[in-house]
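Residue numbers (our numbering), protein chains in the order written: chain A, 19 to 357; chain B, 39 to 477.
Keep in mind the hints are simulated off the structure, nothing from the lab. Accuracy of the hints is not assured; some may be wrong.
Stated by the list, open to error - Here are the in silico distance ranges between beta carbons for each label pair:
| no. | chain 1 | residue 1 | chain 2 | residue 2 | range |
| --- | --- | --- | --- | --- | --- |
| 1 | A | Trp257 | B | Gly84 | 56 to 62 angstroms |
| 2 | A | His222 | B | Arg159 | 29 to 35 angstroms |
| 3 | B | Gly83 | A | Ala277 | 50 to 56 angstroms |
| 4 | A | Asp174 | B | Arg317 | 58 to 64 angstroms |
| 5 | A | Ser271 | B | Leu449 | 48 to 54 angstroms |
| 6 | A | Thr219 | B | Gly161 | 34 to 40 angstroms |
| 7 | B | Pro82 | A | Ala340 | 35 to 41 angstroms |
| 8 | A | Trp184 | B | Arg469 | 47 to 53 angstroms |
| 9 | B | Pro404 | A | His313 | 54 to 60 angstroms |
Unchecked claim - Partial selection, computed: residues in chain B whose CB lies under 7 angstroms from chain A:
| no. | residue |
| --- | --- |
| 10 | Phe114 |
| 11 | Gly117 |
| 12 | Ala204 |
What the hints assert, rightly or not - Just a few of them, taken from the derived set where beta-carbon distance is under 7 angstroms, the chain B residues facing chain A:
| no. | residue |
| --- | --- |
| 13 | Ala103 |
| 14 | Val107 |
| 15 | Ile110 |
| 16 | Pro111 |
| 17 | Thr118 |
| 18 | Gly121 |
| 19 | Ser124 |
| 20 | Gly132 |
| 21 | Gln133 |
| 22 | Ser147 |
| 23 | Ala148 |
| 24 | Leu155 |
| 25 | Val439 |
Don't be surprised by glycine CBs; every beta carbon is placed ideally from N, CA and C.
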Amino acid sequence: MIGLWFALLAFTLILFVVLDGWNIGAGVLHLFLAGTEDERRRVVAALGPLWSWHEVWLVAAGGVFVLAFPRVMAAGFAGFYLALWLVLWAFILRGIALEVGAHLDDPLWRSAWHTVFACASLLLALLFGVALGNVVRGVPIPASGQFSMALFTTFDVRGDVGLLDWYTLSVGIFATALLAAHGATYLRLRTSGALNLRATTAAHLTWGAVALLFPVVTFETWVVRPELFAGIAARPAAWLALAAVAAGVFMLSSGLRRASESRALAGSSATIAGLLASAAAGIFPDMLHSTLAPHFSLTASAGATTAHGLRVALVWWPAAAALSFVYAAVVARRTHGKV
Amino acid sequence: MTTDPAFWHRLQFAFTVTYHYLFPQLTMGVVGFLVYWTWRGQQPGGEPAAAAARFWTRIFGLTFALGVVTGIPMEFQFGTNWGAFSDYAGGIIGQTLAMEGMFAFLLESAFIGALLLGAERLGPRLHLAAAIGVAAGSWLSGYFIIVTNAFMQRPVGHLVTDGRLAVADIGAYLLNEWAWIEFAHNQAAALVTGSFAVAAVGAFYALRGEHLPQARLYLKHGVLAGLVASVLVAFPTGDAQAKIVARYQEPALAAMEGRFESGPMADITLIGQPNVAERRLDNPIRVPGMLSFLAFGTFHGDVRGLAAFPENEWPDNIELLYYAFHVMAGLGTLFIGVLALAVLLQWRGRLATWRPLLWVLMLAFPFPFIANTAGWMTAELGRQPWLIYGLFKTSDGISHVVSAGNVVFTLIGLCGLYFVLGLLYLFLVGREIAHGPHA
Chain A
19 MIGLWFALLA FTLILFVVLD GWNIGAGVLH LFLAGTEDER RRVVAALGPL WSWHEVWLVA
79 AGGVFVLAFP RVMAAGFAGF YLALWLVLWA FILRGIALEV GAHLDDPLWR SAWHTVFACA
139 SLLLALLFGV ALGNVVRGVP IPASGQFSMA LFTTFDVRGD VGLLDWYTLS VGIFATALLA
199 AHGATYLRLR TSGALNLRAT TAAHLTWGAV ALLFPVVTFE TWVVRPELFA GIAARPAAWL
259 ALAAVAAGVF MLSSGLRRAS ESRALAGSSA TIAGLLASAA AGIFPDMLHS TLAPHFSLTA
319 SAGATTAHGL RVALVWWPAA AALSFVYAAV VARRTHGKV
Chain B
39 MTTDPAFWHR LQFAFTVTYH YLFPQLTMGV VGFLVYWTWR GQQPGGEPAA AAARFWTRIF
99 GLTFALGVVT GIPMEFQFGT NWGAFSDYAG GIIGQTLAME GMFAFLLESA FIGALLLGAE
159 RLGPRLHLAA AIGVAAGSWL SGYFIIVTNA FMQRPVGHLV TDGRLAVADI GAYLLNEWAW
219 IEFAHNQAAA LVTGSFAVAA VGAFYALRGE HLPQARLYLK HGVLAGLVAS VLVAFPTGDA
279 QAKIVARYQE PALAAMEGRF ESGPMADITL IGQPNVAERR LDNPIRVPGM LSFLAFGTFH
339 GDVRGLAAFP ENEWPDNIEL LYYAFHVMAG LGTLFIGVLA LAVLLQWRGR LATWRPLLWV
399 LMLAFPFPFI ANTAGWMTAE LGRQPWLIYG LFKTSDGISH VVSAGNVVFT LIGLCGLYFV
459 LGLLYLFLVG REIAHGPHA
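Pulled out of the complex, with its shape left as it was, chain A reads as follows (with noise of 0.2 angstroms):
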C-alpha cells in the first residue's frame, strides 16, 4: 500500500512535470523565440486554456503528499522554506503574467508581462532542478527529523549541505535545458510559419544541449549518490521506466526527423517521464535521505499515515483523477490545433 502510493505520488509529479514542464519550457524560450508583438502573444495563446490544470497537477502532488506521507511533507517543506517560497513567487508572477499580461493593448504593458512571463519560467525550471537535485543528494536530516536547510553554505555535497552546491546546480541547468527542449518541441507542434521554423532549430539545439549534458549529470550522480544506480538495476518498474526513456527518445528523434510533431511531442514526454521514474524507483523507499547519516533519513513507511488512511483515499483519488481527465479531455478537444 505505502509502495502503491509512492507510485501515485511519483505519478502525480511527473505528470505535473510533463504537462506543465511545456508551458515552462515555452516561457524559457519566449523572448528568444518570439521577435514581434503578434508572435509572443501566439506563444502565450499555444500555452492554451489548460495551462492551469497542468499546473495544478502540482498542487495535487502536494495534496497525496500530506495525505499519504504527511510526516515526510511536514519536514520537507519546512525544510525547503525559503526554496518554496521562492517557487510561490515565481508561480504567482507566472499565473498573473498570463492572465493580464494581453488585458491592456499597450507596448509597455505587453512587453512588461513578456519579461516577467519569460523570467518566472526560467526560474521555476531552474528550481525544479534544484529541488530534484536536493531529494537525489539528499538533506541534512538530524535524528529529530526535522531538518533546517541554508540556501548554500560550501557548495559541498556531504555533510552539512545547503540548497545549492555543485551538484544540485547542474541539475538545475540540465533540468532548464530538458524543459526548454520539451517546450521547444510543443511550440513546435502548436505553431505555424516562421514561429514553427524558429521552434524547430531550438528543439534540434536544445535537445542537443541534452544529450550533451546528460552524460555529465549522470556520472555527477553516480559520485553523489552511487546506491541510486543500484537500486534502479534491482527494481523491475525502473526497468520499465528505462525502456520507456528508450522509447521516448527513439519517437523524439524520428519525430524530429521526419517533421512528425506529435509523435516527437509524446517522445519528449515519455523521456522526461521515464527519467524521473527511474530516479523515484531509485530513491525507494527513502523519500528524503539524510547526508549527515542514512539512518537518518525519512523512509516512505516510517512518513506515511496508517492502512485503513491510505485504504480510504484509494477509493476516492483514482475516481477523481480519471474525472479530471474527462474534462480536460472535452476542452482540448475544442481547443487542440495551431494558433
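Fit chain B to the given chain A structure using the hints.
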C-alpha cells in the same frame, strides 16, 4: 511577543489567508449570477442577460486569477509554516486538502480558461457547461476547505495512533455537523458579497445614467439575491452557528460577547468595550436575555462567562474576537435593512431612480468583504488557544525549524507583492467597469 516565531507564523498566515479570501468570496458569490445569465442568455430574448454574462465573466476572470495565485501559497503554508501541525494532523486533514485539489481545483482549472475563451469559440452548450463546471468547482473547493476548518473547530472521525492523527471514520469527518453549518453560513455570506458587487456596479451606471438596461438588470438581480442571502446568513445559518459555538466552544461564545460572569437571562451587547484586565465590559448597551435565547432557544439558558473557565482556556485575543464578532453581526443586520428597502423600491419600480439609495448601494460594496473577514476572524480567534479544538495547541503547530527571521523575511516580501497585486486588480477591474458592458 515579537521574538516568538509563533507570532510571526500566525501573522503571516492571517495576512495571506485574509487577503486570499477577498477573491474567492467574490467569485463564489458572483458565479451563481454568471451561470444564470449564461443560461438565460441562450434563451429567446436573452441578449441583455448574455451581455451581462460577458461583462461579469471578464471581472470574474480577473478575480479568479487573483484567487488562484494567492491560494497556492495557502496550501504550501500547511507544510512550510505549520509543519508540526501537518505532521500531527496530516493523516486526516490531508484527505480533504487532497480532495480539494483533485475534485475542485482540477475541475475549475479545466474550465476557467475555456469560459474566458467565450461562447464563439466553444459553442453554447460547452460554454454553459464551462460556467457550471467553474461554479461547481469553486463551491466544492469551499466545502472541502470548510470540512478541514470544521475539524479544527470540532474534531470528529479521527483516532490518535503513534502520537499522530489518522482517519477512523471518513464519513463522520466529511459530514461533520460543524462543516454543514459553517458551509451554509459561509456560502450565503459569499453570495452577499457577490450580490452587493453586482448591485454596486448597477448603482454606479444608474447614477451616471449610462448602460441603463444593464444597470437595471444588475440592480434587480443584485438586491433580490442579496436580500435572500443576507437573511439566510442570519437565519437559519448564523443562528445555527451560534448554537454550535455555544455547545462546543463555550469560552469562545463568552469572549465573543465580552461576558465574564455566568448565569441565565444572559444579555446581548450591542456596543461596549471589553476591559479584560478588570474583567468587565465598559459602556455597555445591552438587550437583556437575548444571548441566552440565541444560544439555547430559551431566555433561561445558562450562558457561562469567561470567569467560569481557567484563563489558559480563554481565547488569547479577547478584544479582537469581541470586535470581530460585533462588526460581523452589526453589518449583517444592516445588510438586511438596506436590501429590504432596496427590494421594496424595486417592487415599486423606483429602485433605479431613487438616487440616495443608489449612492448607498454603490458605496456599500466593501462592507460585505469586511463582514466576511470579521466572521472568519471570529471563527479563528474563537478557536484559540487551540489549533485543533481540545487536541492540539496553536503554539505547538508551527514549523519549529523555521526561524522568526525567515518568516519576517517572507512576510515583508508578501506585503510588497500583495500590495502590487491589489493595485493591479483594482486598476484592471476599474478599467473593465469604465469600459462597460456592451450589449
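Hint check:
| no. | hint | verdict |
| --- | --- | --- |
| 1 | Trp257/A - Gly84/B: 56 to 62 angstroms | 60 angstroms, holds |
| 2 | His222/A - Arg159/B: 29 to 35 angstroms | 33 angstroms, holds |
| 3 | Gly83/B - Ala277/A: 50 to 56 angstroms | 51 angstroms, holds |
| 4 | Asp174/A - Arg317/B: 58 to 64 angstroms | 60 angstroms, holds |
| 5 | Ser271/A - Leu449/B: 48 to 54 angstroms | 49 angstroms, holds |
| 6 | Thr219/A - Gly161/B: 34 to 40 angstroms | 37 angstroms, holds |
| 7 | Pro82/B - Ala340/A: 35 to 41 angstroms | 38 angstroms, holds |
| 8 | Trp184/A - Arg469/B: 47 to 53 angstroms | 48 angstroms, holds |
| 9 | Pro404/B - His313/A: 54 to 60 angstroms | 57 angstroms, holds |
| 10 | Phe114 | 6 angstroms, holds |
| 11 | Gly117 | 2 angstroms, holds |
| 12 | Ala204 | 4 angstroms, holds |
| 13 | Ala103 | 4 angstroms, holds |
| 14 | Val107 | 4 angstroms, holds |
| 15 | Ile110 | 6 angstroms, holds |
| 16 | Pro111 | 5 angstroms, holds |
| 17 | Thr118 | 5 angstroms, holds |
| 18 | Gly121 | 4 angstroms, holds |
| 19 | Ser124 | 4 angstroms, holds |
| 20 | Gly132 | 3 angstroms, holds |
| 21 | Gln133 | 6 angstroms, holds |
| 22 | Ser147 | 4 angstroms, holds |
| 23 | Ala148 | 4 angstroms, holds |
| 24 | Leu155 | 6 angstroms, holds |
| 25 | Val439 | 4 angstroms, holds |
Every hint from the earlier list agrees with this structure, and none is contradicted.
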